[in-house]
Structures are given as structure tokens and as C-alpha cells.
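Model the full assembly from the supplied sequences, consistent with the hints where possible.
Chains as they are written, first to last, in full-length UniProt numbering: chain F, 1 to 487; chain P, 1 to 487; chain Y, 1 to 487.
Think of the hints as simulated: they come from the structure by calculation, not from any bench.
The structure displayed is predicted, hence computed values, not measured ones.
Positions of the beta carbon are idealized from the N, C-alpha and C atoms, including for glycine.
It is possible that some hints are incorrect.
[Claimed, not checked] DSS-like cross-link-like pairs, simulated, lysine-lysine; straight-line CA separation at most 30 Å: (1) F:57 / Y:57; (2) P:132 / P:57; (3) F:348 / F:288; (4) F:398 / Y:57; (5) F:57 / F:134; (6) F:134 / F:398; (7) Y:57 / F:404; (8) F:57 / P:132; (9) Y:398 / Y:132; (10) Y:345 / Y:288; (11) Y:398 / Y:345; (12) Y:404 / Y:288; (13) P:57 / Y:398; (14) Y:57 / P:57; (15) P:57 / Y:288; (16) F:288 / F:404; (17) Y:134 / Y:57; (18) F:345 / F:288; (19) F:404 / F:345; (20) Y:134 / Y:345; (21) P:404 / F:57; (22) P:345 / P:134; (23) P:291 / F:57; (24) P:404 / P:132.
[Unchecked claim] Pairwise CB distance ranges (calculated): (25) Y:128 / F:129: 26 to 34 Å; (26) F:418 / P:46: 58 to 66 Å; (27) F:338 / Y:338: 29 to 37 Å; (28) Y:392 / F:179: 49 to 57 Å; (29) F:418 / P:394: 57 to 65 Å; (30) F:123 / P:372: 42 to 50 Å.
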Amino acid sequence: MGSVQSFRKLCDRPKNTNVRISLPAVCTVWQIAMIILFGIFIRYSIEADPHWIDYRKANNISSDIENDFYYRYPSFQDVHVMIYVGFGFLMTFLKRYSFGGVGFNFLISAFGFQWALLMQGWFHSLDYTDGKIKIGIENLINADFCVASCLIAYGAVLGKVSPVQLMVMTLFGITLYAVEEYIILNLIHAKDAGGSMVIHAFGAYYGLSISYMLYRPNLDQSSRLQGSLYHSDVFTMIGTLFLWMFWPSFNSAIANHGDGQLRAVINTYLSLAASVLTTVVISSLCNKHGKLDMVHIQNATLAGGVAVGTAAEFMLMPYGSLIVGFCCGVISTLGYVYVTPFLEKHLKIHDTCGVHNLHGMPAIVGGIVGAVTAACATESAYGTEGLISTFDFTGDFKNMTPAKQGGHQAAGLCVALCFGIGGGILVGAILRLPIWGDPADDNCFNDEVYWEVPEDEESIPPMIQYNNHMQRKDALASNFTLEHQDH
Amino acid sequence: MGSVQSFRKLCDRPKNTNVRISLPAVCTVWQIAMIILFGIFIRYSIEADPHWIDYRKANNISSDIENDFYYRYPSFQDVHVMIYVGFGFLMTFLKRYSFGGVGFNFLISAFGFQWALLMQGWFHSLDYTDGKIKIGIENLINADFCVASCLIAYGAVLGKVSPVQLMVMTLFGITLYAVEEYIILNLIHAKDAGGSMVIHAFGAYYGLSISYMLYRPNLDQSSRLQGSLYHSDVFTMIGTLFLWMFWPSFNSAIANHGDGQLRAVINTYLSLAASVLTTVVISSLCNKHGKLDMVHIQNATLAGGVAVGTAAEFMLMPYGSLIVGFCCGVISTLGYVYVTPFLEKHLKIHDTCGVHNLHGMPAIVGGIVGAVTAACATESAYGTEGLISTFDFTGDFKNMTPAKQGGHQAAGLCVALCFGIGGGILVGAILRLPIWGDPADDNCFNDEVYWEVPEDEESIPPMIQYNNHMQRKDALASNFTLEHQDH
Amino acid sequence: MGSVQSFRKLCDRPKNTNVRISLPAVCTVWQIAMIILFGIFIRYSIEADPHWIDYRKANNISSDIENDFYYRYPSFQDVHVMIYVGFGFLMTFLKRYSFGGVGFNFLISAFGFQWALLMQGWFHSLDYTDGKIKIGIENLINADFCVASCLIAYGAVLGKVSPVQLMVMTLFGITLYAVEEYIILNLIHAKDAGGSMVIHAFGAYYGLSISYMLYRPNLDQSSRLQGSLYHSDVFTMIGTLFLWMFWPSFNSAIANHGDGQLRAVINTYLSLAASVLTTVVISSLCNKHGKLDMVHIQNATLAGGVAVGTAAEFMLMPYGSLIVGFCCGVISTLGYVYVTPFLEKHLKIHDTCGVHNLHGMPAIVGGIVGAVTAACATESAYGTEGLISTFDFTGDFKNMTPAKQGGHQAAGLCVALCFGIGGGILVGAILRLPIWGDPADDNCFNDEVYWEVPEDEESIPPMIQYNNHMQRKDALASNFTLEHQDH
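The following block contains the structure:
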């Protein structure tokens, strides 16, 4: 029976890839749903509301500059660039899937962002007095974070799914993320400023599980399109560099004001710098001529940022950050050389962008580093006030100790992994249905399936010549036509 | 007579495109004029002046952070990126006009910015005590805004004009903009934080009118160069994404401090997100295989930002922003499919980048949305203080009411359109003169006319081989040469 | 003897380019050294330390927003983009050295940044109470500045050296920079906010001297790879524009809070704008058809930013900035047309990116402008407080006068040049050793030496056809395979 179904599914495929009904239907319905839900639930936070002026007077807040907007907006814009240009261009490396890489990244981010505002709002920003979600700058940042986890997942299935499948994947991904985030941050009270666990661990294993469920035994039929081109590799470097440069903003965007944000920036930058060097080391060692592999430079150099996410605002110390980056550069690059082929061969997990190496493994390291750093926290290192504010030992958690906190951090990592794997298998099963218009095995990684692709470079040079030859002739010709019109 | 003239004009063209005298002459003279005018008129504002230190003490301003610089500089830099990278790369899509797209965009922005500082300064920042224009961070932002309107106009004539024509177009465009802006914002007292009317409506119709005046009946002779290439479309996505990501900064850059800026950011981001989804919907529906068209993704996704410009800092409400974005994504994409061909066929308006779809129509929607939102403003929604500060009901306009304001907004839109169309026809007439070195009909959209273009990709692979073959041979050869020199 | 050695060196070369041992060794050892040194010396500054919270209370600082982080972080991120994307993509113009341009730029920046934190820390941020270097946001900015000088030097030798040589060059470059910076800023007490002298003059002449020491008489053997491609020129514009746009942040990043930063921004932007126009003027005049040369637009347009670096925070006045930019656009473009060929032909200095035109000459102009502007400073122009704070006439320098300061500025320029030339000759001599695996003369500017380069564009179109032809056939085939597995 299963075989019959999968047989049908495959037979339908070549005809199926026309998403002219399904894609517009999904986008229209969901966007209208967003408008309705926003109308019912979403309002401006006090800081985005003109009443803020009266409010400030009442609470004698000295000045506009105290508005959280000025603490967080620059970081928000950096995160924003990471989501749309960073992730988008990181996925342009395939020789004929650059449109899909940057274009679908754009589509699902724009949708996911709206859905994330709602999902996270219900959990974190619901004003019980009037049942409305009050959004400010921090909600925008968190929504972009939430979207990031789905983009990581996209990296694992890049080129093998239809835009409709991506929309479904994002809808469920955002939902799972919001629940998982609430459990980890609020119930378990783990800290995760840069989202090593909440964003990267969840996103990577969510994507990998979906990729496992959608495994294509005959993917080698489109192997000819799986490589990169000289120029597409340069495009990818745009994505890599914007991710790398703005990662300090990513890890510090929602950290505590003042020293918390600055500390997160320092730790992240140092960790990233170290992983660049070790990536080069392993990449060169693994090539028999000592040549560097662009795939490693494009991805493994970012591992340090992932791994320092949780501990970014802790007292990891500068040398600690360097050590984390050092190790993750090594782990991540070795992952590209040995783990990715292993996963595909033995576990039937095809990982197009190697998210397991860039996000998966470093995220686990990051979770562990976070747990250890938290467990080792002391009043002498953080100061009395500092310890409380950094780990937020307030309210119900007044009696927490660093040691306990370490345990909670570890628990948080486990929850993230469970949600990622469990959710991925569930959603993967749904995406197996033969109704989503995904491409045939021999037509993956091919923009021509979902995009109008322009003619190729080949066709220019002759034209240019033609143009030069015809110049005088056409000029004369055109004169008569125009003169004719002037009468 | 007219026919004879146009006949001559056309005959001259092929010889004419040498701008070796005209371009340097224009740039040199105008740059020297700028230096002189800046010397006479432009000084630093108090906040950019070291006297600021004494001033602060006198006015006991608590701290440097109160300097407007820290409220606006991050937004300024985002706007800056939109002007040079955003607009610049958005115009690189043509297969052989990428140099002209990004290069001339760079040139006219750098000139326009200087001229805008003067023109806007005379109207808005003139210190009557000493007759000097005092410039600070807000002047820089407004000058970039002013430049934006000319870059929009450039989009309509991209590839069909000479750099000299562009300089003239910019000179007049900036001048008209400054007058129109003064009338709309100061005399009519319309609010337009994001410049839907002042920037986009004016810019689009200014460019379209010029394009109408410069209509080329035989443009199909260079149709072979009007298409895009796979990689040039990816370059264009860089422009699209930077415009899209930083649009919230564009609409909030000169909004009121604090809640005004934050509200503008939220509204703009939501509107943009919605237009991404509806652009995909229409793009897919309009293709018989349901395939997406890159042109739509590159442009129509931005319509939401244009349309929410005027109302960005009003209480549009999050769902209101989504509705605006939803509609404009639809309108703009349909514009690319149906309106652009119509304009060319029946109104003799050739619109290279489709600015009518991306800026023109959404700007009109934006003006109307702004008028309606203003007219519906209530004290309960804005708060007593909020209403006054948002709509600036102070000074001569102390007695304004929201209803009246709505009327003024509508009036503002009309003024913007009149200036755009009227000014465009005027300037277009000037640009028709046969002295500007514009390209022949069969040579439009071709960088070779104004740029030294490097050889083509074709020529590499053989070289590489050659290189490998010759390696040992050359190495030996070179040794002897060098040894010879050592004697 | 020398000839024998050089003969050996050349013979070895073709085998030598395998850096599989040397590159990983250097990166590993140096990164481990960094970790150890950071462990011994580097700690968080008070503003990045949680004790900050207690500290604030003690010193009743009103709010987190007073943290220097919020004054400088947006500028830091802009500088950061200039280092990695700006310089990186500026070096992608060569038709087959884009990987090396952006990739090695990435590697040496990541290493140089760490080493700079230590070197500059020892000179500027050492806390003598505990012998630790306390790093905050300003240290990060200064480290990026320090890296910039080495990237400028890289531009002179682009394509002709191995990554190992680059690492050595960076190690010594950073060291020299830190000493030179200490002498110029602290001992001589010259002001140099934008680093015209400290960064650009030093970096340019450091690189040029190295290039002189590594002169290759037979470089013409790889002349076929020295040109650019249409698309690689567009990539380079990404670098150019991000450098150009963010240069105001570069020159203002460490300027005085408030008016100092704003003034630096205004001066820099104006100077840059003027140099764009004059670059176009000269570029067009120097071409017999009046065509523009992309090389000039990509580089000379930035000269204005270099030249205004030292005087950026002085009262240069807006028109003064325009004049500086005007002159440097001319000088720099003429440099590309006449000076670069002269240097290569007569002084045996091959300057791949023309750093002498973009950084060298404008930096000297900048140093002189700075000296003159300082010497002409008056209390009436700066205000009593302003003069003292702008030139930091405090402590040991309480009795300085503007005239004296002018002299010190000039002295600073000389020191920078001496360190650049002297250091470059020294380091160049070291890099001549035949152990660094640099490429053969006929194999320079070729990524294939150090990178795994993907196949070429040529190979796609046939594949696409193949793909369409084979579609049905493969689809059927694949079904059976999968069904087979289902059993």
C-alpha cells in the first residue's frame, strides 16, 4: 500500500510542480487570517503609543532616549539584515537555485515574522487587562529570531521542496518554536540570549528530521545541479559576511541593557574570530594539496557565533570565548568533511547546506557551555546585583542558585532537541503527502521548476557585435520611421 | 521643421554619445558652484558645533546622548544604504547596463545630495540672524530623501539617457522637490514622514513625464539588451533586500522621537511583510505554469513601504498596515503585468524599472491612506498631547482639527502630482535638445556607450588551461630572466 | 650567490605553493597563543562588567544609556562592515581571484583583530593596578582600525602572495601599527580621529614597500589574469559602496561624543560626495571616447574619505570638506592613470589595487590638511571649552597652542610614513625567503593555487536541456527503485 502510494506520488510529481493554485491559495488565505488575527489581538506597546507622552510625564521618565527603541533598534536592524540578506545569500551557492535560495527565504521570512508576532505575543506579551498583545521593538527582534529557526531548517531541505511545503514547514515551525521557547525560558527558566538552544538547536534538528522524512533515494539524478559556480560562491560570501559581522548584534539584541549587551558583543566577536582561523586550519589539512574549500569558509566560520549564543551575556571571559570559537571551527569543518556524508549514507539524512555542522553541533556545544558557565557563576565574578540581574533570580526564582541554574540550562537544551526532532518527524510526515508539488528527483536544485528563469550569458557576445555592426544601418532606418510619425 | 530637427538629432546621435567634453564640464562647473555656495551659506548646526559644549551648560542639557545625532544617526545610515546600494543595485538587472545602473546612481546621488542641502536649507534651515544655513543630522537625512525622488525618476529612464541628461534631470528634480516639499509640509501643513507624496509620488511622475517626453518609437531595436541575466537578477536582489529591510528606518528617520519612530517602524515592517505575500500570489497566478517572476519579487514586494509612508507615524494600527501592504502588493504586481505594457503601447511612456508600479500607484494609495487616517484621528486614540505632537497642531495651526488635516493631506498629494507631471514635462522638453549625447535607439541599455567594459567570461577557461600547460615552461624561462638580471 | 638562491627559490615555487603544512601550523599556533595571552591579559572593561550595576549606583550615573556602548556601537558595526565586506569585496575585481580577495581578507582580519586587541591594549588600556587590559566597545573599534591598515597593505600585494605571507605581514603590521599609533597619538599628541596618518598613510606605504621588496620582473606572465570581468566589477561596487557609505562612521567612530561625532560625519560625507564628481571628471577626460573607467569609480571616489580623516572632527567647515574631496578625487584618479604605471616601470613597485592612489597620496593630503586646520584653530571658532576638548589640551599638554599642535600633526605624518616604509622594507625582506609558498610568476592572481575552484558556467546549459529531456524517463526509473526499497 505504502509502495503504491509513493509510486503514485512519484508519478504525479512531474505534473505536480505547477503550484499556480496551491501557492496563491495558501498565501492569500494565511495573509487574510493574519489581518483578522492582528485586528483582534495586536496593538502598540506603550512605548510605541502616543499616550507614551502623557505616560512619561506621569512616571517622570526624563527623556525620549529612555525609550527601549534607542537601546535595541540598531541591533534589530542588524538582525534584520542577517535574516534577509545573511540567510538569503548564504543559500545562493547552488549553480541554478539562487532564485529559490534568496527568494523563498524572503517569502517564508515575511510570513513567519507575522505569525511569530502572534504566537510569541500570546505567550509573552499578552496584556490580561484587555486581552491584547502589545508589541514594541523587542517583539520585532524576537519575531526575527523565531523566523531564523525556520530559515535554518530551510537550509537542510534547500532545493528539494516546493514553496508550498516551505510555507507549511514555517507555519508549524513557528508554532513549535513559540511553545518550546516558552517552556525553556519561562517554565524551565533557562537563559538563552543568543538562542543557541532555542533557535539553533531546535531549527537544525527540526530541518534535519524533515529532511529525513522526505529522503529521496534517487537524488543523485540531479547531482549535476548540486555544485556551485565561481560567481555563486562569491554571492554566498555576501551572506556569510553579513551573518558573521552582525552576529554580535544577534547575540546581544535582547541581552540586558548596558553591560549585558556589551559583554555579549565582545564574547561573540571573539568566538567568531577564533573559528575563522580553525576553519582555515581544518579546511587546508583535509585537502591533499592544502587548498581551502569555499564551503567551509562560507559556513564553519560562523560556528563560533552559534556556540557562544547562550553564554554570550554570562561572564564567559574573553579567552573563554576564544576557546569556544576555536573548538567549534574545528568541529564544524570536520562535520562538513566527515559527518554530512555519513548522515546521508547511513542515516538517510540529506543536508543541503550542512546545517548540522553550522547550527546543529555548535548549538549543542553552546548549550553545554552555557550550562557550565552558569553553574560556575559566583558573586565575586558577577557582583551581588549583577548575578541577580544576569540570571534574573527574581520573582518565583528568587531562591535559584548558579548550580541549579546550570541544571536548568541543560534541561533547556534537551527540550529544544526534543521539539526539533519530534516536531520535524511530525511535520515531515505531513509534507510527504503527494499534494505539495515538490520537484522530481532529477529536477531538484533547479530554479526552472518554480521561477521564470532568464536566458543565459552565452547569448550576449554575438548580440554586442551585431549591435555594433548594425549601428549606422539602424540609425538611418529609425530616422525615417520617426520622421514619418512627425507628419 | 520639427521632423527635420528630430532627423538631425537622430543623425547626430551615433557621433554624439562621446560625453568627454560635456560630462566633465558639467561636473566641474557644478561642483565648483557647490563649493562657492557652501562657503557662502552652509555652516554647522549648534549640535555639530563645539560651542555646543558651552551651550549645553547654559541650557543645562544633561548629556551628550541628548544630541539629536544619537536619535537619528542609525536611521540615517540605513537610509544612506538604501540610496546607494538599494536603489543602485535595484537598477543592475539589465544584462549589460549594470555599470550604468549602479554607477550613474552613485554619481547623481553624490551631486544631488549637495544641491539638496542648499535647496532644502534655504527653505527649512536658514538662520535669519546671520543668513546662514545650519546643517545637522536631520538635514543629511532630508537631503538623502530628496535624492531618493530623483533616483526614482532615474528608474523610469534607465538605459535611455546620457549621464549629462541625468545630471540635468537631478539638478531640476532637486529644485522642484525642495519647492514642492516646502509647499506641502510648511504651507499646506500636510504630514509626510515617509514621503509617500513628497518623495514617491513626485519622483515617479517626474520620471514618467520625462520618459514620455523622450519617447523612442524605435526602442525595440535594442530589445535584445532589455532582458536580465540569471546573475544580474541576483545582484538586483541585493538592492531589493536592502531597500526592503531598511524601509522601516526610511519611514521613521524623521518621525517624532520615541513613540513616533517606533510606531513608524512597526507599521512599515508589517506593511512590507504583507506585500511580499500578495506579490507572490499575483505573480504566480499571472503565469500559466504558476511560476514566479523575479521582476515582481524584486519590485512589488517594496510597494507596502511606499504606501505606508505618509501614515507610518499615525495610529494606523498593525492590522491597518497589513491591509495597506496586502492591497499594494496586488496593485503593484498587476501593474507590472498589465499597466506597464499599456502605458508603453497607448500613452507612449516607456518605464524601464516600472516605477509607476513600485512608486507611482502605491504612493497615491499612500497619500489617500494618510488623508483618511488623519481625518479619523481622535483624542482617545492619540491622547491629548499625542494628537497635538503627532500632527504638530501648534503655532499657526493651533486650531487645526483632524478632519481639516485630512483635507490638507489630500491637497498635499495633488500638489506632489502636479509638480511631478508639470516639472517632468518641462525638464523632458529641455532634455529633448540634441546636445546631451544620449544613445541611439539601437544602443540603449548598453554600458559600452559610456563605460570601458572588460572582456567577457567566455575568454577565461582557455586561459586557465594555457596557464596550466605553460606552467613548467614559464617557470624555467623566468628563472633565466631573473638570474640574468642578478648579474 | 644571491642569484643561485633566487634561482632555487623560483625552481621550488611550482612545488612550493602547497601550504598544507605551513598555513595550518601558523594559524593553529598563533590562535593558541592568542588564547593564552588573552587568558593572562584581557578582561572586560567596567562598562562590560556586571559590577557596572553596583558601580553605577555608587557613581549615581542616571541610566544604562550613558554606557559608551550606545554612543559607539552603531558606528562600530558600520566600521565592521567596511572591514569585512568593504575591503573584502573591493578586492574581488580580478577575474579569477575573487575567492582570494574576499577570503584572505576575512582570514587576516579575524587574526589581526585579536592581535590588535592585545598590542593596542598594552599601550592604551592596561590597568596598572592589576596588569590587565580592560576592553570595551572603543577597543573593538580601534582593533578594527588597526586591521584596516593591514588590509590596505594587502591591496598592494593582492594576488602575488600566499596566505602564509599574509599572516606574517599582518602579525608585523599590527605590531608596527600599535607602536606607531602610540608614538603619534600619545607621545607626539597628534589628533587623528579618522586615521589619515595612523591608518592610511602607514598602511599604504607599508604595503607598497613590501610590494617593492617582492617585485616580480616576470609578472607579465600572468597578465592574462590581471583584468576584471563584467560581473566581478559589479561585485567590487558592493565593496566600494559600503566603504563609501560607512566612511562617515569610520571617521566619527572614536571622535568626541556629541558634536564631535556629528561634525566628523558631516565633513566626511561632504568630502566623499565631492570626490565622486571629480573622479568622474578626470576618468572621462582621460579616455579618448570620454568613457568612464570602473577602476576609477571603484577606488578614487573614496579618496575624499581618506583625506578628511585627520581633520574630520576639526572645524574644517562644510566648504572646506568639499574642497578637500574635490582635490583628492582629481589626485587619486590621475594617480591611477599616470602614477601607478610610473611606479611599476621606474620604481619596481607593482600596486595591484592602486592603494597608493586611494590611500597613499590622499593620506598625505589628509595629514597636511589636518596640520593646517589645527594650526588655524581659534577660540572664536571652537569656543573656549570646545578648543580644549577637541584638541585635548589637558594634562601634560595643558599649555599647547593650536600653532604648536599644527607642528605636532605634521610630525605625526612623518612618523607614520617612516614606520610604513621602514617596516615594509623589513617585513618584505623576511617575506622574500623561499619558504612561504607564494605562487609562480605565471600563476599569480589565480585562485586555483590556494582554493578548490568549482567548474565553470559553460557547463550548465547543456545540462538543463539534458534535465528536461530525461525528466519522464528518470521519473519512471526512480519509481521502480523506490518501490523496490519499500518491500
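Does residue 398 (chain F) sit within 30 Å of residue 134 (chain F), going by the straight-line distance between their CA atoms? Status holds; Cα separation ~27 Å.
>> Within 26 to 34 Å: is that where the Cβ-Cβ distance between residue 128 (chain Y) and residue 129 (chain F) falls?
In response: 55 Å, violated
Given the hinted pair residue 57 (chain P) and residue 288 (chain Y), is their alpha-carbon gap at most 30 Å? The given pair, whose Cα atoms are some 59 Å apart, is violated under the 30 Å limit.
ask   = Using the C-beta atoms of residue 418 (chain F) and residue 394 (chain P), is the stated range 57 to 65 Å upheld?
value = 58 Å Cβ-Cβ, so the 57 to 65 Å window holds.
Honestly, do residue 418 (chain F) and residue 46 (chain P) meet the 58 to 66 Å range at C-beta? 59 Å, holds
_Restraint check for residue 57 (chain F) with residue 132 (chain P), where alpha carbons must lie at most 30 Å apart_ = Not OK: residue 57 (chain F) and residue 132 (chain P) at ~36 Å, beyond 30 Å, violated.
task = Given the range 29 to 37 Å, decide if the beta-carbon distance of residue 338 (chain F) to residue 338 (chain Y) lies inside it.
result = Hint violated: Cβ distance 54 Å, outside 29 to 37 Å.
Quiz item: Would the pair residue 398 (chain Y) and residue 132 (chain Y) pass a check requiring their Cα atoms to be no farther apart than 30 Å?
Solution: 29 Å, holds
Residue 398 (chain Y) paired with residue 345 (chain Y) [C-alpha distance capped at 30 Å] | 50 Å, violated
Tell me if the straight-line CA distance from residue 57 (chain P) to residue 398 (chain Y) falls inside 30 Å.
22 Å, holds
query = Straight-line Cα separation of residue 134 (chain Y) and residue 345 (chain Y) no greater than 30 Å?
reply = Violated - the C-alpha atoms of residue 345 (chain Y) and residue 134 (chain Y) are around 48 Å apart, more than 30 Å.
Taking 42 to 50 Å as the hint, is the beta-carbon distance of residue 123 (chain F) and residue 372 (chain P) inside that range? 34 Å, violated
In the structure shown, a violation is registered for the earlier hints numbered 8, 11, 12, 15, 16, 19, 20, 22, 23, 24, 25, 27, 30, in ascending order.
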